[in-house]
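Enquirer: If you want the building blocks of each chain, they are given just below.
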Amino acid sequence: MTATTASARLVRFRRGVTLPIVLLIAWEISSRTGLVDPRFLPSLDEVALTAKRELFDNDLIGELGYSLMRNIAGFLIGSVAGVAFATLLALSRIADRLITPTFNGLKQISLLAWIPLISVWFGFGEQAKVVFVALAAFIPIVLNTYEGMRNVPADLIEVGGALRFSWRQRILRIFLPSALPSIATGVHLGLIYSWLATVGAEYFLAVGPGVGGLIIAGRERFDMALVMLGVMILGLVGFFLNRLAYALESHLLRWRPQLG
Amino acid sequence: MGLTGALLPGALLVLWWIASDKGFLAEQILPPPAYVYETARDMIASGELFHHAGVSLRRVVVGFAFGAAAGLSLGVAMGLSRRAEDYLKPLFLAFAQIPTLGWIPLLMLLVGIDEALKFIVIAKGAFVPMVVNTFAGIRGVSPKLIEVGRALKFSDWQTLRLIVLPGAVPSIFTGIRYGLTHSWTSLVGVELLASSEGLGYLLVWGRQMFWLDMVIVAIIVIGLVGFAMDKSLDRTEVLIQRWKREELAA
Chain A
-16 MTATTASARL
-6 VRFRRGVTLP
4 IVLLIAWEIS
14 SRTGLVDPRF
24 LPSLDEVALT
34 AKRELFDNDL
44 IGELGYSLMR
54 NIAGFLIGSV
64 AGVAFATLLA
74 LSRIADRLIT
84 PTFNGLKQIS
94 LLAWIPLISV
104 WFGFGEQAKV
114 VFVALAAFIP
124 IVLNTYEGMR
134 NVPADLIEVG
144 GALRFSWRQR
154 ILRIFLPSAL
164 PSIATGVHLG
174 LIYSWLATVG
184 AEYFLAVGPG
194 VGGLIIAGRE
204 RFDMALVMLG
214 VMILGLVGFF
224 LNRLAYALES
234 HLLRWRPQLG
Chain B
5 MGLTGALLPG
15 ALLVLWWIAS
25 DKGFLAEQIL
35 PPPAYVYETA
45 RDMIASGELF
55 HHAGVSLRRV
65 VVGFAFGAAA
75 GLSLGVAMGL
85 SRRAEDYLKP
95 LFLAFAQIPT
105 LGWIPLLMLL
115 VGIDEALKFI
125 VIAKGAFVPM
135 VVNTFAGIRG
145 VSPKLIEVGR
155 ALKFSDWQTL
165 RLIVLPGAVP
175 SIFTGIRYGL
185 THSWTSLVGV
195 ELLASSEGLG
205 YLLVWGRQMF
215 WLDMVIVAII
225 VIGLVGFAMD
235 KSLDRTEVLI
245 QRWKREELAA
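Those sequence lines, one after another, are chains A and B. Under the working numbering, the first residue of the first sequence carries the number -16, and numbering increases by one thereafter. Under the working numbering, the first residue of the second sequence carries the number 5, and numbering increases by one thereafter.
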């Protein structure tokens, strides 16, 4: 049994790497033989050289650090504000009827469309970028937290009433824990959106240090290798954030019975 | 939306009006509401607004159609064949990891800044959710139903047409929904970066000229179009579900 699963896994692995390897070889051949203009498709070692140059001569790690700092700062502000805001909407009938329709209207506006207004109100600096990233995390977290708190079983709420819980206790002991799976979904989405927003903020709000700025600079200089390097870094960071979100989710929800 | 729901926007509007009337905020920071209204009226009367909205909508329709069709095909292929899944899924996942915005500068170097760029970026926005949801929908079709098909001696084509695809419809619909939303966001992104027409261009242009009234009009239209798309998909989903129920009842 174990032998068959191992060999099945090997087959899957072999099949999985086939296409990427074929593409890499095709890439290398076409840029070496001049089949494609090397300005459009730099050879693999040129990309590797650019990576080395950016890593050791320039400050690639520092740029990445700037992007991640913005991402994390914005994400934290957005998620704390989002959970608090959603708790208010879910638990106060007045706030819900007063604010939820407006929020639902505003969330229709595509995220990037806020950039011009944010740049007028907050300038082009660090502050504007963090505000934008926070907004990107805020929206999915509010939606999911609200959803989760609205679906807290009525008998749990009754138990809280019977035990004469204060509002603080109700929120901390009943609403937040039972909405946790939903909040985790929101946090996961928020993490993905905030990375997207970090890239967006670096594209559209004045060029400063950061991976997004690196890519824009590469495009302006027609340095395809630099652009490719930047795009790969975006993908890698996205991948790790996704992994982190999964790990966080299963850690937060470890008390739940495993499904499947 | 109830009367209470209208209170907050009403209050904000009054506050906005007072703030700009008393000069608390410079016109370049927040133009008075009446001014925004006039700009909207002028832009509608001159046909400018419809022109830019039309350009944006056309881009989304074309880009979305290509991206959704390609995503549907790849999702069906990976859903039906383990072999296709083994070969294509890792590459697809790596591709999907990179945010759409990341591809724009690369594509600008490769295909320039013409319509082709917009179509590709918008298509990519629709492609990824379409693949993911189609694949999940097909894999989620109950094996019992497929067993029934086998008992009825259905051909592969019949199984696909009568069992697998109808079973995957709700999930495919979710894909269409997310795909359209992502297409719309991608459109704004690509128009902000490289365009001389469209709603995103109005944002950039208005921002550069400090015509915030125009920026606000463009933002409102972007929100309204997004809202309209969402609502019409809601309606369609209800229709599909009703049709499925009637089909089952018949």
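Think of the hints as simulated: they come from the structure by calculation, not from any bench. All of these numbers come straight from a predicted model, not from anything done at the bench. Backbone N, C-alpha and C fix where the C-beta goes; we use that ideal spot for every residue, glycine too. Just to be clear, a hint being listed does not mean it is correct.
To be verified - Covered by chain A, per the in silico footprint, the following chain B stretches (three or more residues, Cβ under 8 Å):
| no. | stretch |
| --- | --- |
| 1 | 58 to 70 |
| 2 | 109 to 119 |
| 3 | 139 to 147 |
Claimed, not checked - Computed cross-link-like contacts, DMTMM-like style, restricted to lysine to aspartate or glutamate with a CA-CA straight-line distance of at most 25 Å:
| no. | chain 1 | residue 1 | chain 2 | residue 2 |
| --- | --- | --- | --- | --- |
| 4 | B | Lys93 | A | Glu109 |
| 5 | B | Lys235 | B | Glu250 |
| 6 | B | Lys148 | B | Asp234 |
| 7 | A | Lys90 | B | Asp238 |
| 8 | A | Lys90 | A | Asp79 |
| 9 | B | Lys248 | B | Asp118 |
| 10 | A | Lys35 | A | Glu11 |
| 11 | A | Lys90 | B | Asp160 |
| 12 | B | Lys93 | A | Glu203 |
| 13 | A | Lys90 | A | Glu130 |
| 14 | A | Lys35 | A | Asp20 |
| 15 | A | Lys90 | A | Glu109 |
| 16 | B | Lys148 | B | Asp160 |
| 17 | A | Lys90 | B | Glu250 |
| 18 | B | Lys148 | B | Asp238 |
| 19 | B | Lys235 | A | Glu130 |
| 20 | B | Lys235 | A | Asp79 |
Enquirer: For each hint, tell me whether it holds in the structure or not.
Expert: Okay, the hints, checked on the actual structure:
1. For the stretch 58 to 70 of chain B, the stated coverage by chain A is violated: 0 residues have a C-beta nearer than 8 Å to a C-beta of that chain, whereas at least 3 were required.
2. Coverage of a stretch by a chain is defined here by at least three residues with a beta carbon nearer than 8 Å to that chain's beta carbons; for the stretch 109 to 119 of chain B and chain A the count is 5, and the condition holds.
3. By the rule of at least three residues with a Cβ nearer than 8 Å to a Cβ of chain A, the coverage given for the stretch 139 to 147 of chain B is violated, with 0 such residues.
4. Between B:Lys93 and A:Glu109, the direct Cα distance comes to roughly 38 Å. Violation of the 25 Å bound is thereby established for this hinted pair.
5. For the suggested pair B:Lys235 and B:Glu250, the alpha carbons sit about 23 Å apart, so the restraint of at most 25 Å is met.
6. This hinted pair does not check out: B:Lys148 and B:Asp234 have alpha carbons roughly 34 Å apart, beyond 25 Å.
7. Restraint check: the Cα-Cα separation between A:Lys90 and B:Asp238 comes to about 17 Å, which is no more than 25 Å; the hinted pair holds.
8. Only pairs whose Cα atoms come within 25 Å are accepted, and A:Lys90 paired with A:Asp79 is accepted, the gap being roughly 15 Å.
9. At roughly 42 Å between alpha-carbon atoms, B:Lys248 and B:Asp118 are farther apart than 25 Å, so this suggested pair is violated.
10. Restraint check: the Cα-Cα separation between A:Lys35 and A:Glu11 comes to about 19 Å, which is no more than 25 Å; the hinted pair holds.
11. At most 25 Å may separate the alpha-carbon atoms for a hinted pair to count; A:Lys90 and B:Asp160 exceed this at roughly 44 Å.
12. For a cut-off of 25 Å, the pair hint linking B:Lys93 to A:Glu203 is broken: about 33 Å separates their Cα positions.
13. Annotation: proposed proximity of A:Lys90 to A:Glu130 holds, straight-line Cα distance about 15 Å (limit 25 Å).
14. Straight-line distance between C-alpha atoms of A:Lys35 and A:Asp20 comes to about 23 Å, which keeps the hinted pair within the 25 Å bound.
15. Annotation: proposed proximity of A:Lys90 to A:Glu109 holds, straight-line Cα distance about 24 Å (limit 25 Å).
16. Of the pairs offered as hints, the one joining B:Lys148 and B:Asp160 holds, with about 16 Å between alpha carbons and a cut-off of 25 Å not exceeded.
17. For the hint linking A:Lys90 to B:Glu250, the alpha-carbon distance of about 35 Å lies beyond 25 Å, and the restraint is violated.
18. Under the criterion of a C-alpha separation no larger than 25 Å, the hint pairing B:Lys148 with B:Asp238 is inconsistent with the structure, at around 30 Å.
19. The suggested pairing of B:Lys235 with A:Glu130 holds, with an alpha-carbon distance near 19 Å, which does not exceed 25 Å.
20. Between B:Lys235 and A:Asp79 the alpha-carbon distance is near 21 Å, which keeps this suggested pair within the 25 Å criterion.
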